[in-house]
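**Student:** Kindly generate the complete structure, drawing on both the sequences and the hints.
Protein chains: 2
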Amino acid sequence: MADFAPIDFEMMARALSLAGRGMYTAHPNPRVGCLLVREGRVIGEGWHRRTGEEHAEVNALADAGIAAEGSIAYVTLEPCSHHGRTPPCVDALVKAGVRQVFVAMNDPNPAVAGEGVAALRKAGIDVRVGLMAAEAESLNEGFKRRMTKRLPFVRLKIAASLDGATSMKSGESKWITGDESRQDVQKLRASSGAILSGVETVLMDDPALTVRGEFADNGGRQPIRVILDSRLRMPPTAKMLGLPGRTVVFCVDDSNRRALEGAGAIVVRVAEKGGRPDLVAVLHEIADMEVNDLLVEAGATLVGAFLMERRVDELVIYQAPHIMGSETHGIANTPDWLKLDQRFALRFTEASMIGRDLLVRARPAN
Amino acid sequence: MADFAPIDFEMMARALSLAGRGMYTAHPNPRVGCLLVREGRVIGEGWHRRTGEEHAEVNALADAGIAAEGSIAYVTLEPCSHHGRTPPCVDALVKAGVRQVFVAMNDPNPAVAGEGVAALRKAGIDVRVGLMAAEAESLNEGFKRRMTKRLPFVRLKIAASLDGATSMKSGESKWITGDESRQDVQKLRASSGAILSGVETVLMDDPALTVRGEFADNGGRQPIRVILDSRLRMPPTAKMLGLPGRTVVFCVDDSNRRALEGAGAIVVRVAEKGGRPDLVAVLHEIADMEVNDLLVEAGATLVGAFLMERRVDELVIYQAPHIMGSETHGIANTPDWLKLDQRFALRFTEASMIGRDLLVRARPAN
Chain R
694 MADFAPIDFE
704 MMARALSLAG
714 RGMYTAHPNP
724 RVGCLLVREG
734 RVIGEGWHRR
744 TGEEHAEVNA
754 LADAGIAAEG
764 SIAYVTLEPC
774 SHHGRTPPCV
784 DALVKAGVRQ
794 VFVAMNDPNP
804 AVAGEGVAAL
814 RKAGIDVRVG
824 LMAAEAESLN
834 EGFKRRMTKR
844 LPFVRLKIAA
854 SLDGATSMKS
864 GESKWITGDE
874 SRQDVQKLRA
884 SSGAILSGVE
894 TVLMDDPALT
904 VRGEFADNGG
914 RQPIRVILDS
924 RLRMPPTAKM
934 LGLPGRTVVF
944 CVDDSNRRAL
954 EGAGAIVVRV
964 AEKGGRPDLV
974 AVLHEIADME
984 VNDLLVEAGA
994 TLVGAFLMER
1004 RVDELVIYQA
1014 PHIMGSETHG
1024 IANTPDWLKL
1034 DQRFALRFTE
1044 ASMIGRDLLV
1054 RARPAN
Chain F
694 MADFAPIDFE
704 MMARALSLAG
714 RGMYTAHPNP
724 RVGCLLVREG
734 RVIGEGWHRR
744 TGEEHAEVNA
754 LADAGIAAEG
764 SIAYVTLEPC
774 SHHGRTPPCV
784 DALVKAGVRQ
794 VFVAMNDPNP
804 AVAGEGVAAL
814 RKAGIDVRVG
824 LMAAEAESLN
834 EGFKRRMTKR
844 LPFVRLKIAA
854 SLDGATSMKS
864 GESKWITGDE
874 SRQDVQKLRA
884 SSGAILSGVE
894 TVLMDDPALT
904 VRGEFADNGG
914 RQPIRVILDS
924 RLRMPPTAKM
934 LGLPGRTVVF
944 CVDDSNRRAL
954 EGAGAIVVRV
964 AEKGGRPDLV
974 AVLHEIADME
984 VNDLLVEAGA
994 TLVGAFLMER
1004 RVDELVIYQA
1014 PHIMGSETHG
1024 IANTPDWLKL
1034 DQRFALRFTE
1044 ASMIGRDLLV
1054 RARPAN
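Chains as they are written, first to last, in our numbering: chain R, 694 to 1059; chain F, 694 to 1059.
Any given hint could turn out to be false.
You can't tell identical chains apart in this list, so a pair holds if it fits in one copy or across any two.
As a list, the in silico EDC-like pairs of lysine to aspartate or glutamate whose alpha-carbon atoms are at most 16 Å apart [said to hold, decoys possible]:
hint, residue 1, residue 2
1, K880, D946
2, K837, D981
3, K867, D1034
4, K837, D701
5, K880, D910
6, K862, D1029
7, K862, D1034
8, K966, E1002
9, K867, D898
10, K966, D1029
11, K862, E907
12, K1032, E1020
The hints are simulated quantities; they were obtained by calculation from the structure and are not laboratory data.
**Tutor:** What follows is the structure in structure tokens.
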């Protein structure tokens, strides 16, 4: 890795901050920012807002105008050299006369990785790769996961009491976390390409699973709603089927598919595992729908299935400030875990207050 | 309340810091610190280490020597005016010629509250009360609780997984929290006058319930071990009976008391409630043993009883970084809580990392 100067870190940090503006809108594309600098001063800023719109580099070049000639570009992701929905950014950088390019990370798509850097170098531009690579990767974990593994990044959202309960055995159930936590869930949803739940939740709560409020994509897009429903028990009258955005229902027995399709659902039959949709098959299908980040908001059975199959990349737990005790349901049904060694080992990455609740983030220990 | 100058806050903060040195040794006395200041400079420091030893004021006066004359004293608790195990501090302050005394909080003992201040004033000393009173009270919550309510401050220690499990239903059980958490429990124990557990825990784990390591009182004292054992099933061979310090066993049926008493236990029969020792009666008895802070380290049944009776003043929860799932035992058996409204509502007061675990402190919401 090259040595980088303090000014380079400062400028790339600003480019990363620009990239972050695409947090809720850029997907399925990666979140990318670009800064153009000349004689130590920023002359152009750009970020990628939405698929089909300009890439970060093109926006930064437009912002800089003719001043871009002889400038240095800081780009959080390797510029593209291929024609996609927009022309190659490499061509634009070359044409504008940029003299040097700092790249935080290579394109994670193995089919094109390194091509953009090679094309820039071929055009005589000095390219330095790897500046703040870890920070850049954390912005686009889902994109990288999809490009390299044909899987989305799976984020499990849980709302529970401090002692891990979600509802009373008596059936009594209501929101147990506070307003601030529920608003925070809107951010999780907005940064996700899809939200997954189970048919039991649909039958019980008839949820919308949409993004509402300030984090909604003002382009009108909604995350894909994904429902696991082995035998298609979901009613065609389910609320979500009448809402903007797609609803995809995964089943293993699709004999009832007509009614749901008539109500607007996309029904996908996948391989079964123990009578239920095989989670890995489902995740591959979801990746094929260009979903980088999948948010799982499900009941104890489905949460347990994701945990038992070790298909969780991050847990986001909202802990409400109370003890609900023993006459309750827990967050995960894990009938296969009879030995302590089978537990899902984590490492905490965050613990902070959110309103009166505690927000805990954790990732698999290994 | 009087107005206080910045210098007064600075000096009282130092006195509070001195008081904190008695955290693990001062009980059953309160933790008290005293600073003597002359012309803006500290000329004497003192704190109370242990019952029967000098009070903070006397130690500070000894530290200052003849320079104490004309000085200002900052005392975290109202000086005593009565003869206890040591002579009255008021007399010592007057005799040394201290000209002004800042007192953080009055003595919480209603029988003597205000007497020390009155005696100082009668001797012509200017006394200001209430400087950093909240901080001073937080050092001696247990002492205040005992003096005003004949109850100890009840602190419930829990070690559980992130989803609130403590052991497997299969019976498999082992430490689930890390070394740092277990070391932190030694601090909780050392700052407590007694540690309470149930006979089930004794029968299952045969615990020592002693303070070990750096936080042990170097005067050799151990917290009182309190075991709730309705029908005296505790074996005379229990490990704790052979260890330094007292073991007190509360029962409702004392027909087996001889064997336990022969093994060194103090057996106390108390009123029953539902066939078990009445918790309030037990807590009054514990307060009468001069216990300010009671640490409850118990199994799910006893933890549930304390919660259901709302006899918990603080929860200290060590959350291990894993999900143990549904085939587990939880932290509290609460068979009476069938409705969500019965839950124990809390407010979080701390959330921090301790090793790889999460340490959460919470108090009753009201």
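**Student:** Can you give me the call for K837 and D981, within, between, both or neither, at a CA distance of at most 16 Å?
**Tutor:** within (14 Å within a copy, 64 Å between copies)
**Student:** Within, between, both or neither: how does the pair K867, D898 come out at a Cα-Cα threshold of 16 Å?
**Tutor:** within (10 Å within a copy, 38 Å between copies)
**Student:** 16 Å Cα cut-off: does K880 pair with D946 within a copy, between copies, both or neither?
**Tutor:** Classified as neither: same-chain Cα gap 34 Å, cross-chain 58 Å, threshold 16 Å.
**Student:** For the identical chains here, do K862 and D1034 meet the 16 Å Cα criterion within one copy, between copies, both, or neither?
**Tutor:** Answer is between; shortest inter-copy Cα gap is 13 Å, intra-copy 28 Å.
**Student:** Checking an output row: K862 and D1029, CA cutoff 16 Å. Within, between, both or neither?
**Tutor:** Close across copies (12 Å), not inside one copy (21 Å); limit 16 Å.
**Student:** Using 16 Å as the alpha-carbon threshold, which applies to K862 and E907: within, between, both, or neither?
**Tutor:** Result: close neither inside a copy nor across copies, 35 Å intra and 45 Å inter.
**Student:** Is it within, between, both, or neither for K880 and D910, if the alpha carbons may be no more than 16 Å apart?
**Tutor:** Within one copy only: 11 Å inside a chain, 50 Å across chains, cut-off 16 Å.
**Student:** When Cα atoms must be at most 16 Å apart, do K966 and D1029 count as within-copy, between-copy, both, or neither?
**Tutor:** Within one copy only: 14 Å inside a chain, 40 Å across chains, cut-off 16 Å.
**Student:** Please work out whether the CA atoms of K1032 and E1020 approach to 16 Å or closer within one copy, between two copies, in both situations, or in neither?
**Tutor:** Result: close only across copies, 9 Å inter versus 23 Å intra.
**Student:** Could you figure out if K966 and E1002 sit no more than 16 Å apart (CA to CA) within one copy, between two copies, both or neither?
**Tutor:** Classified as within: same-chain Cα gap 11 Å, cross-chain 47 Å, threshold 16 Å.
**Student:** When no copy is specified for K867 and D1034, does a C-alpha distance of 16 Å or less occur within a copy, between copies, both, or neither?
**Tutor:** between (33 Å within a copy, 11 Å between copies)
**Student:** Is it within a copy, between copies, both, or neither that the alpha carbon of K837 lies no farther than 16 Å from that of D701?
**Tutor:** For K837 and D701, the Cα distance exceeds 16 Å both inside one copy (24 Å) and across copies (58 Å).
When the structure is compared with the earlier hints, violations turn up for hints 1, 4, 11 and for no others.
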